[in-house]
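Model the full structure from these sequences, guided by the hints.
So the protein lines, in turn, are chains A, B and C. The opening position of the first sequence corresponds to residue 1 in this note's numbering, with each subsequent residue numbered one higher. The opening position of the second sequence corresponds to residue 89 in this note's numbering, with each subsequent residue numbered one higher. The opening position of the third sequence corresponds to residue 414 in this note's numbering, with each subsequent residue numbered one higher.
Since the hints were derived computationally from the structure, they do not count as laboratory data. Only a predicted model underlies this, so the values are computations on that prediction, with no experimental measurement involved. C-beta atoms are modelled at their ideal positions from N, C-alpha and C, and glycine is treated no differently. Among these hints, one or two may not hold up.
Okay, the calculated bits of chain A under chain C, using three or more residues with CB under 8 Å as the criterion [claimed, not checked]:
{"no.": "1", "segment": "17–24"}
{"no.": "2", "segment": "29–40"}
{"no.": "3", "segment": "75–82"}
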Amino acid sequence: MADVAEATERTPVSTIEKPQDIPAEWQPNVLAFACHYCAFAAADLAGVMRLSYPPNVKIIRLPCTGKLDHIHVLRAFERGIDGVFVAG
Amino acid sequence: MKSGSNLEKVIASGKMAVTAELGPPMSADPHEVVKKAGILKGFCDAANITDCQTAVVRISSIAAAVIALREGLEPVMQMTCRDRNRIAMQADLLGAAALGLKNCLCIAGDHQKFSAAGKLKGHPGAKNVYDVDTCQLVGIMKKMRDEGLQQGGDKLEVAPKFFIGASWTPMGDPMDFRPYNLKKKVDSGADFIQTQGIYDMDLFRSQMEKARNLGLHERTAILAGIIVPKSAMMLKYMDSSVAGVTVPKPLIDRMNKAKEAAGDDKKKMRELQEQEGIKITVELIQQALEIPGIKGVHIQAIEWETAMEPIVKAAGLYPRPTFDA
Amino acid sequence: MIVGQQKPFDEIWSMVRDFKKVLVYGCNTCVAICHAGGGKEAEILASMLRMKAAQEGVDMQVDSAAIERHCEPEFFEPLDEKVRTYDLVLSPACGVGVNFLADRLAGAIPVYPGINTSFYGGVPEAGFFVELCGGCGNCILHLTGGICPIVRCSKSLMNGPCGGTNNGKCEVSDQTDCAWYLIVERMKKLGTLEKLLEVQPPRDWSTGTHGGPRRVSLEHIRAYEEKEEKNAATEGK
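Below, the structure written as structure tokens:
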């Protein structure tokens, strides 16, 4: 039962911003959740083909997008991500 | 005599009974009741005073019934199971009897969500009661009258003497159970029954046959309900939306024909349909009265009380019998 | 099971906005099955509240936790101390859970409801819950083919259908089956329709919510527990 206390979830709130006007040069931080077997493989292939994609997109590989839970998306937003992209 | 009401006397005399309906207004003004009572008086043996019908607040049935009584129209007070628990019911029955009321019709009552089929705001968020159901209310009233006891067992010094009624929807689902539904109301002590509006006489005839096979026509007075049709639209609405009512197509066609005969004249359209409606009503009454076991008719001319006179006269039910007090 | 639905987010926010340290404390039994207040939903709700607080410029710490059951004391024990460090517990457990925890915390900190507890129901298909029992304390399902007229009939009628049955549906809504239609059809299949012919007398509702708060006390179990506790105390000496 020792780890029950650790199950208490706490996330720092510092990265969440108040609504504000969007600066002209602003670029969103996008997080892509990609399935290992299709979308992530496609991203790999793009790399091999030396195709480029914007640097403000970060990819997280999942064994399957079925693994993606609501809280993963919410946590991404809480930590300053502006858009979430799910591919699988 | 159980109650000595005029309605009971007519039924006991073996003559066909005629009851009407009087809907109290959504107003504290008694004149509407007085006016309607004046129109109905002489053309029925008693008139039902509805109890917040369609789950909308109106002058209470008991108060409006007393106003009608003062005008010389015998009322049938109604009591729904929706708004009162058994304490309030019995208190109101004692009060109603003390005020001189002698007939009471027991009904479940439209659910509070009904709110005049959504035409009015009503009180859909109200808490309903349904402490007892219709059969149980009939039983309570009978126990008060015949045993001088409250439902809880306490004694009544003077028992309220009501002629007890209940409603019956002979053509509602599940249809094969409906005759048994009637039996339960009769077993509970219903002296008279008023049915839901009937247009499909063939179907009603077969339901009546089942009721007769159970011997119910000998234990209670069944009055066939007839709702006076005003327009083709009303008939279509009742056929599609009113529970337990089916309207045969030929009747709707007749009404449509009357409507079409008026051409574009709106006033004439209404008049011709109303004339046809009265004709249809008279025919339905005559057919109903021929069914073995039927002891009268309950004619509902909803918000059209003036139709009662021509209907009752044309049906050969005028004048109404009178009795020496 | 007990079925509930999460309260609208704005209502929850208006309840919690003035607190500095909030614990969203889920229950992993019934309310987890109806996706209203299990650990997962507590976590999501906490995250949404954190984001809302940040957007509104409110300084608030919101954490989440969940235990298996909110209606028995032993499940609470491991987290008891931690819970008391918060200003508010927002409980998406059923009303039983909220009451139980509030009694346990005895006024030390408030416990607010995160869901509306709806009814005792079943789950005929995923994501669909229906009310099937009213907990009236005096079951008559043997007389009605296993279909409860108290909660499945909109008027709780005991002696058959009212005049509002239309094509087997209730007058309240054409989405609602008429319970008495179902009862009659079921009793026909069971060959026990004659049971419905008996007039049911007025009910004694005092066994339901109309007789004051109810309790069930199993004396033999309570006596045994007491004895065990005494034995343990003697052995300890």
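Consistency of the hints with the structure:
{"no.": "1", "hint": "17–24", "result": "holds (count 3)"}
{"no.": "2", "hint": "29–40", "result": "violated (count 0)"}
{"no.": "3", "hint": "75–82", "result": "holds (count 3)"}
This entry does not satisfy hint 2, going by the numbered hints stated previously; all others are met.
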